[in-house]
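Residue numbers (the working numbering), protein chains in the order written: chain A, 1 to 398; chain B, 1 to 398.
Hint data in this document are derived by calculation from the structure and do not stem from the laboratory. Careful: at least some of the hints might be erroneous.
Since the list can't tell identical chains apart, any single copy or any two copies may satisfy a pair.
Straight-line Cα separation of at most 30 Å, DSS-like style, residue types lysine-lysine; simulated pairs [unchecked claim]:
#, residue 1, residue 2
1, LYS56, LYS22
2, LYS151, LYS165
3, LYS60, LYS347
4, LYS22, LYS347
5, LYS56, LYS383
6, LYS13, LYS225
7, LYS139, LYS151
8, LYS139, LYS183
9, LYS151, LYS347
10, LYS374, LYS56
11, LYS183, LYS165
12, LYS347, LYS13
13, LYS22, LYS60
14, LYS165, LYS13
15, LYS139, LYS165
16, LYS13, LYS139
17, LYS374, LYS60
18, LYS225, LYS347
19, LYS347, LYS319
Number of protein chains: 2
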Amino acid sequence: MHPLLANRMEEMKASEIRELLKLTEQPDMISFAGGLPDADLFPVERIAAVRERIMKEQAKEALQYSVTEGYLPLREQIAARMNLHQGTAITAREVLITNGSQQGLDLTGKLFLNEGDVVLCESPTYLGALNAFRGYRPKFVEVDTDEDGMKLEHLDELLQTHPVKLIYVNPNFQNPTGRCWSKERRQAFIDRVQRANVIVVEDDPYGELWFEAGERPTLFSMDRKGCVIYLGSFSKIFCPGYRTGWLIAGSPWMEKYVLAKQAVDLHSSTIGQREISCYLEQYPIEEHIVQLRTVYRQRRDAMLEALNVHMPPDVRFTKPQGGMFVWVELPEGENARDLLVRCLPLKVAFVPGGAFYPNGGNEHTLRLNYSVTKETQIREGIKRLAQVIGNERTRRRA
Amino acid sequence: MHPLLANRMEEMKASEIRELLKLTEQPDMISFAGGLPDADLFPVERIAAVRERIMKEQAKEALQYSVTEGYLPLREQIAARMNLHQGTAITAREVLITNGSQQGLDLTGKLFLNEGDVVLCESPTYLGALNAFRGYRPKFVEVDTDEDGMKLEHLDELLQTHPVKLIYVNPNFQNPTGRCWSKERRQAFIDRVQRANVIVVEDDPYGELWFEAGERPTLFSMDRKGCVIYLGSFSKIFCPGYRTGWLIAGSPWMEKYVLAKQAVDLHSSTIGQREISCYLEQYPIEEHIVQLRTVYRQRRDAMLEALNVHMPPDVRFTKPQGGMFVWVELPEGENARDLLVRCLPLKVAFVPGGAFYPNGGNEHTLRLNYSVTKETQIREGIKRLAQVIGNERTRRRA
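For reference, chain A alone in the conformation it holds in the complex (with noise of 0.2 Å):
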């Protein structure tokens, strides 16, 4: 490494989803590596006549700067949404605007995280968090999971036997995984960190698209002693273009969350911020995100379906019941990353699972997104897939 640059750059290297969709942006290619929501389903119109309003009525408040926490009627709006699906009770002062979620991950290890601090996630874990925190260098242990979430025994063994800062977690249909944790694995997790002095960092940019169910309680909402700090977005509930999400969290740690996005970036988007408070007050999202349910839950249909017809037997996926991705794992010993290489040439692209944990190794997993697909397509990707890993395993044979 270069002498000049800081010690924590050699921490920081190129994320393979992102270089991955580089390659994979060819048009014929059926792509299941991405992560992005359905554009087709944006609400275009509205949204136009939204940014008509806001130029006609309030075009120099828009463009001018504003202050670091944020819009206060969209961060009232939040606070009014968090409460009404979540039975919380917090208000706008407890609300701080972000560049996207991925910001307010950037900002908590700014916080909180000193070199060498203990990080808990699950494993596997979202790649975005694992680089916004590496950073702050800390040290990323794993917690062992299954379909219902953390495993408590493994929990509680880590808690003993480490100096745990911080707890990172997806529990509404996560990605990489889809999986969603149960209610009683959400209320034993809550038990057991609010006794342990930890910051618990709940990302749900997922929550509002479940498709079974209903709306799951957050963690935050069942928090009674603020070591929750919440990360909410717009990204996929809305437009990611706008690059707005949220955080939000009680004294001492707003404040302190202020300070640092005000040395960060001053603020986020006026014009942005204003445009979808705009759009909240005028129209109501739930009729959008209704809608992506809907369009969602088919195509994952669509891909459990072609997965359970086309894949052998040993190869097993999760059944998300909400979100964008399914979660896939070959038998030990196969490798997803040569199984990528092998299909790029087949027009069908994923991302091969490894860079979900921390620490390395799972190779034989994979990670496939349906959001953006049309069924047949996914049914035809699918096919495909399973076709490579059928050869893939004829050939090791010869």
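Given chain A's structure and the hints, the job is docking chain B onto it.
Coordinates of chain B only, in the frame set by chain A:
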């Protein structure tokens, strides 16, 4: 400090400017405290037209995720403007879109600063840069300045006696002093830093807002060794509400900046970037900048004239040839914080200068902004300020 917070949070304190701005937001206040462009000058009609066009022609792309580096046509436009104005030969590859130049400062800290690294800066210097860098816990060493820029003898001495990692400068119409480095000083500075093994950050939000003598050559354009990283912004020459700026750096730094930006917020607002790019394509932004120069020059003239008329002869002030600020030095021993407290009841405000010195002191200085105040108000405000200074002296003599 709370034991869960990271050590770096010790350095993050509430910014005096931001806190003061809250106090001075009463409508009858004549505030010289801000640093805003005048919202009455925003090209609202043209922006409205551009926004409509974006929604008609490219809504889906504008509302979707995009690449970390930024929107390619905008990066090309920025490179072309830089080459036209400064005789450089950069390409879009050397341009990264940031959330205002403030994010360029934070990312620069992330890339280069280990705890304890020595950062040289002008004395006084831009408070926002101090805030951005402070999170990385460097040691700030101030370089003496005069009307022409950093004093070379002091710079030489510090380069010999300190292991300098980074030099932060604001050569054009500096915030807070309004001073502009002479061409000779720029060349001598570049000769020196190219021999030293240091990074130079040239922060240039005001370079195009010259009133006399045209655009100055940037340090970046004089640099032949790739040691200067250049920060630009649309906040002062267009509209700050977009939070859109840029960073220009060569290899090997750019690749690292992209990784750091990706970890921090994935990318800047897609829709904001496309709006600005479309504006640059459709309208000559120079027309807008010419108007800013005309209006701000008249306001500068009004402020200097009023200072000449009303201030006691022992109060010194700069005569800026561009930008937004006049810097005032009271005789040593007088205190601008106390003065501000006495000014507020008379409805006139400014920023005490002490905060612009990273190592404190210099409480006899203050910063005046003239970009958002009409001439009659400027005259009235300076008159009131001089009156309070006079009263204060009478009171102390009594």
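Notebook entry, point to check: Which of the numbered hints above does this structure break?
Noted result: Numbers 5, 9, 18 - these are the hints that the structure violates, sorted from lowest upward.
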